[in-house]
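Participant: Listed in order, the protein sequences are those of chains A, B and C. If you're matching positions, the first sequence starts at 1 in the working numbering and goes up one per residue. If you're matching positions, the second sequence starts at 1001 in the working numbering and goes up one per residue. If you're matching positions, the third sequence starts at 2001 in the working numbering and goes up one per residue.
Think of the hints as simulated: they come from the structure by calculation, not from any bench. The reader is advised that the hints may include incorrect statements.
[Stated by the list, open to error] With beta-carbon atoms standing in for the labels, derived distance ranges:
no. : chain 1 : residue 1 : chain 2 : residue 2 : range
1   : C       : VAL2059   : A       : THR49     : 49 to 55 Å
2   : B       : GLY1042   : C       : ILE2040   : 43 to 49 Å
3   : C       : ASP2137   : B       : GLY1042   : 29 to 35 Å
4   : C       : ALA2214   : A       : GLY183    : 32 to 38 Å
5   : C       : LEU2088   : A       : ASP162    : 57 to 63 Å
6   : B       : GLY1054   : C       : ASN2064   : 29 to 35 Å
7   : C       : VAL2006   : A       : GLY210    : 21 to 27 Å
[Said to hold, decoys possible] Simulated coverage check for chain B against chain C, where a stretch passes if three residues somewhere in it have a Cβ under 8 Å from a Cβ of chain C:
no. : region
8   : 1007 to 1021
9   : 1081 to 1089
10  : 1125 to 1138
Keep in mind that this is a model prediction, so the values were computed, not measured. Cβ atoms here follow ideal geometry from the backbone N, Cα and C, with glycine treated the same way.
As a plain string of letters, each chain reads:
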Amino acid sequence: MGMILRVLLLSLACATAQAQTRFITVASTTSTEQSGLFKHLLPAFEKKTGIQVRVVALGTGQSLDMGKRGDADVVFVHAKALEEKFVAEGYGVARFEVMYNDFVLVGPKSDPAKIGGTKDIVSALARIKAAQAPFASRGDKSGTHFAELQLWKAAGIDIAKDKGPWYRDTGSGMGPTLNTASGMNAYALTDRGTWLSFKNRGELVISVEGDQRLFNQYGVILVNPAKHPHVKKDMGQAFIDWIVGPEGQAAIAGYKIGGEQLFFPNAKR
Amino acid sequence: MSGILPLRLEGVSFAAGGRTIIEPLDLTLEAGASTIILGANGAGKSVLMRLMHGLLAPSTGRVAWRTEGPRRRQAMVFQRPVLLRRSALANVVYALDAAGVPVGQQARLAREALQEVGLAYAAGRPARVLSGGEQQRLALARAWALHPEVLFLDEPTANLDPGAAREIEAVIKAFDVAGTKIVMSTHNLGQARRLGDEVIFLHQGRVAERAPIEKFFPRPVSPEAAAFIKGELPWA
Amino acid sequence: MLDAVVSGLRLVATLDLRLWEIVGLSLAVSLSAVAFATLIGLPVGAAIAVGRFPGRQAVVVMLNALMGLPPVVVGLFVYLLLSRAGPLGELGLLFTPPAMVIAQTILVLPIIAALARQAVEDSWREYEEQLRSLGVDGVRGALTVLWDIRFSLLTAVLAGLGRASAEVGAVMIVGGNIDGVTRVMTTTIALETSRGDLPLALGLGMVLIAIVLALNAAAQIIKDAAQRRYG
């Protein structure tokens, strides 16, 4: 009984200590978290400002939803149309572009759709469908899923109608989807950052990259304090100012895995 | 004596699961004489005692003590004592506490009770690791501490060897000497003779005969009692 | 598989500070939840075991069914409760360890209550007459039985602890798996799995299993000692 009480007190003390820390909650995407970018960026910001940044990594759709509910101070996601809608509906104050990375189409070395090394993502998708080659989709309303759906549409394929057993809807994050693709030698669309830090590749290699249409723009938005008065607008804005400012932009450019730069800063100020 | 006795059972019957276990009966238990309830297995001895003690509610009729609120003035010792997983002393203290005895007196009364049943040496031992005889004596100590006016005993020595049984009998005698009314069921006719003053003989849920000990054994009136005595005697 | 063993051993051997923080938080959250659930669940289970009230059978069935509550559903429920847009949003508890404790308490409570109900009910058959003979009523009787079979109830508490320390769905949703704040063993395992670092994930899993095993062994030793001591 004594031990139980001690543990309870400890956890309460823990909770109180946290309440005293200055922190903001950022809803972001699995790609930024799992690529290790935040681990690289945040210590610099925290050191400079003393503000702890707590990142909850979800799909873009869920992250925006978190912002709508007021459970985050800042959202940091990649689906421009959805972000603009979020701001237009009054949930966010303003959207700032931060950086981009690109999507790559990965697939098995055996390359059943014969698309390896091509640059045209749209015709590659068409050939995957024609070959009925296995394809693993996020299917979770994330930014990546959203981008994938746009690309199918561009290829003139109504994926909701045309998908067959070859199209596997995993309904999960980027990592689990890659695990699935790796396990069944399927093609999959992924952001480059997650791919570079992903370890369980198996037979998978990059099949298509470099197409303009694969560019993936990230934006950052302060959740509107007018909707949710408890939003820590000053600290949240400080984070946004930092990440679109010279220090943050330089830090983004400096993040590399195996010598390869993952994200390209392109803030407009 | 101005206590809770006599106990009157008026038209008391008991049925469970569509089976009548005790036929409607009238009984009066006076203070003083030790009453032995005899009868074959299934005659209803245990049920009758539970009706008297208040553990079972009669299907018909009523069980009436001379005064109200008799719970603390009566105690019951079962065939298999249920002891709590704590020391022997703490078991007695628990009973005293449940009976509303002031905290300040509990330990002293409990020690006296253990002394009385010859268990003072085991006061600190966990109750559940005591021998069968010791456990039953502890159950008696628990009753003793309450100084009941009436003590019900349901075949208290049925699971014990003869040596342990004799120790239990000695404690029951001590209750009698101290003025507690004994109501005990038993299979053991020798024990009935040693401890009892009168016999209530049950047969198939009815009181077939009620008689003083010295009349019952030599000259039972009812044929059922006669047959029972004849059948049981060789093992007495 | 061998990779995982090596990875797990290396994790333990290097006493990685961050790992121990994660282990510490896991234990703090799960033990707190189990402590709360025990404080509530044992009396509730005992009351249902001893009580005679209309609808009792339905309550028993419901309690048993709730043992299978999916963690994700509990997580979602607590999330909606604690979300800023929810009824308890004011507290600002979402994505904090207390939120995880709340979710796990809800998850574990039916397990402890249902198992306690069964244990007390079984024992009550043995104790009831004796306790009533001593003039002990329902509430006090239930508490007496609870205390008397306390070492058997360890099993119920352990079942709860097993559930709490193994689940990932609820803590992931209400905790958010925030690095250094709400990241626990299971969410770390989920994260490393999604990063494709399967050996590390499996290694962490082995650490988790070892901890749960140690807790169970300790409880068993206590139980055995008590059995010998008290009978």
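Participant: Compare the structure with each hint and give your call.
Facilitator: Results for each hint:
{"no.": "1", "hint": "VAL2059/C / THR49/A: 49 to 55 Å", "verdict": "holds, 53 Å"}
{"no.": "2", "hint": "GLY1042/B / ILE2040/C: 43 to 49 Å", "verdict": "holds, 45 Å"}
{"no.": "3", "hint": "ASP2137/C / GLY1042/B: 29 to 35 Å", "verdict": "holds, 31 Å"}
{"no.": "4", "hint": "ALA2214/C / GLY183/A: 32 to 38 Å", "verdict": "holds, 33 Å"}
{"no.": "5", "hint": "LEU2088/C / ASP162/A: 57 to 63 Å", "verdict": "violated, 45 Å"}
{"no.": "6", "hint": "GLY1054/B / ASN2064/C: 29 to 35 Å", "verdict": "holds, 34 Å"}
{"no.": "7", "hint": "VAL2006/C / GLY210/A: 21 to 27 Å", "verdict": "violated, 38 Å"}
{"no.": "8", "hint": "1007 to 1021", "verdict": "violated (count 0)"}
{"no.": "9", "hint": "1081 to 1089", "verdict": "holds (count 5)"}
{"no.": "10", "hint": "1125 to 1138", "verdict": "holds (count 4)"}
This entry does not satisfy hints 5, 7, 8, going by the numbered hints stated previously.
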